[in-house]
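J.: Chain by chain, the residues run as shown.
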Amino acid sequence: NAGVTQTPKFRILKIGQSMTLQCTQDMNHNYMYWYRQDPGMGLKLIYYSVGAGITDKGEVPNGYNVSRSTTEDFPLRLELAAPSQTSVYFCASSATGGLTEAFFGQGTRLTVV
Amino acid sequence: DAKTTQPNSMESNEEEPVHLPCNHSTISGTDYIHWYRQLPSQGPEYVIHGLTSNVNNRMASLAIAEDRKSSTLILHRATLRDAAVYYCIGGGSNYKLTFGKGTLLTVNP
Numbered sequence: 006n007a008g009v010t011q012t013p014k015f016r017i018l019k020i021g022q023s024m025t026l027q028c029t030q031d032m033n034h035n036y037m038y039w040y041r042q043d044p045g046m047g048l049k050l051i052y053y054s055v056g057a058g059i060t061d062k063g064e065v066p067n068g069y070n071v072s073r074s075t076t077e078d079f080p081l082r083l084e085l086a087a088p089s090q091t092s093v094y095f096c097a098s099s100a101t102g103g104l105t106e107a108f109f110g111q112g113t114r115l116t117v118v
Numbered sequence: 084d085a086k087t088t089q090p091n092s093m094e095s096n097e098e099e100p101v102h103l104p105c106n107h108s109t110i111s112g113t114d115y116i117h118w119y120r121q122l123p124s125q126g127p128e129y130v131i132h133g134l135t136s137n138v139n140n141r142m143a144s145l146a147i148a149e150d151r152k153s154s155t156l157i158l159h160r161a162t163l164r165d166a167a168v169y170y171c172i173g174g175g176s177n178y179k180l181t182f183g184k185g186t187l188l189t190v191n192p
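So the protein lines, in turn, are chains A and B. Positions 6 to 118 (this note's numbering) are the ones given, in order, by the first sequence. Positions 84 to 192 (this note's numbering) are the ones given, in order, by the second sequence.
Just chain B, with the same shape it has in the complex (with noise of 0.2 Å):
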């Protein structure tokens, strides 16, 4: 799996667009690119993923860089219950997952 850098921690007004940054130059040309969130005592919980587009759900967006070395998260209008740790995983050619220390989000009321 691809390495992974993201900032140790990010914070957000309720309400207001969160776009949480991710590095994964070493990424091969089949790994697509996750993310997960864990909420407080959760397991984690998948929140999206793609390979070269950008991609949309009801959670969140996914900008993908064009060279794919990094992409962004957009969670739109943060609430109170997106406070978690996200996580972004390069990888998935080989089958496996692999997390790294994540991004804690704080949002502020």
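With the rest of the complex left out, here is chain A (with noise of 0.2 Å):
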């Protein structure tokens, strides 16, 4: 059972550029989400996604995107890399929202310079 798996692992980004951070579950969750992590912080809410086609805002999604076209993928987009955006990217999921528990990818580490 693979979970929540997170690829690429870690990224250097020029400022500028664009990507696309890939997230997929196998646990036929409906809740997804998408947070980043600041060294020494705790972690931000960036998008969540409530299921196939429903995603809503979180804390901070200024500079991202996302989409959720089937229930396993949650990829979220950068446009226009900026060196704000370094930091640790983690995906998760859930099968009930914040009732229950929640699965966390490994994280991606990104960096622009």
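Treat the hints as calculated values from the structure; they're not laboratory data. Any given hint could be a false lead.
Here are the computed lysine-lysine pairs in the BS3-like style, where the Cα-Cα straight-line distance is at most 30 Å [said to hold, decoys possible]:
#1 A:K49 to B:K152
#2 B:K184 to A:K49
#3 B:K184 to A:K62
#4 B:K86 to A:K19
#5 B:K152 to B:K179
#6 B:K152 to A:K14
#7 A:K49 to B:K179
#8 B:K184 to A:K14
#9 A:K49 to A:K14
#10 B:K179 to A:K62
#11 B:K86 to B:K179
#12 A:K14 to B:K179
#13 B:K152 to A:K62
#14 A:K14 to A:K62
None of the values given here were measured: they were computed from a predicted structure.
Bring the two chains, given one by one in their own frames, into a single complex with the hints.
T.: Take a look at the structure:
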């Protein structure tokens, strides 16, 4: 059982470049989340989705876009990367939103130079 | 989600119990209290959650105050592998989990 899988694990981007962080889960969970974690800080919610075709903003959505065309996948798109987006990104999924256990991926470490 | 307050850091000795406190005075009646932990260089992992009653599982116990304004995560016998940042989250009724800065637990051998 793979759980939540994120790719890539590491990436270096140049300022102004774009990329997509991939997240897929095999637990048939409706709820999926993207967080970012800056050094020494807690996790901040970027976007979340309550099901295929439905997404909503979290605390820090600026500079990011998401889509949810299938239950399994929840990609995070960075347009025009900036140094402020250097962070570790975590994807998570949950069967019933915040009422039960959420499962997290191992993270994508992104550096923008 | 409810705002939570946790100590920045705590220290324990191996094989001793650890009590990690959390204040969540603004929690709504339908919000759960969740605990997650994050080991170094890993994603957060679920520890335990509850609504009103005390909860036990193989990892820990959760003691919830009667007024639900505070809770305590109890690790019955700390091991070196329990060294991590522990996050208390009051929320879930709006499908989101909002993380604070958490408590850094150090376990001494």
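J.: Of the hints stated earlier, which fail here?
T.: 4 and 6
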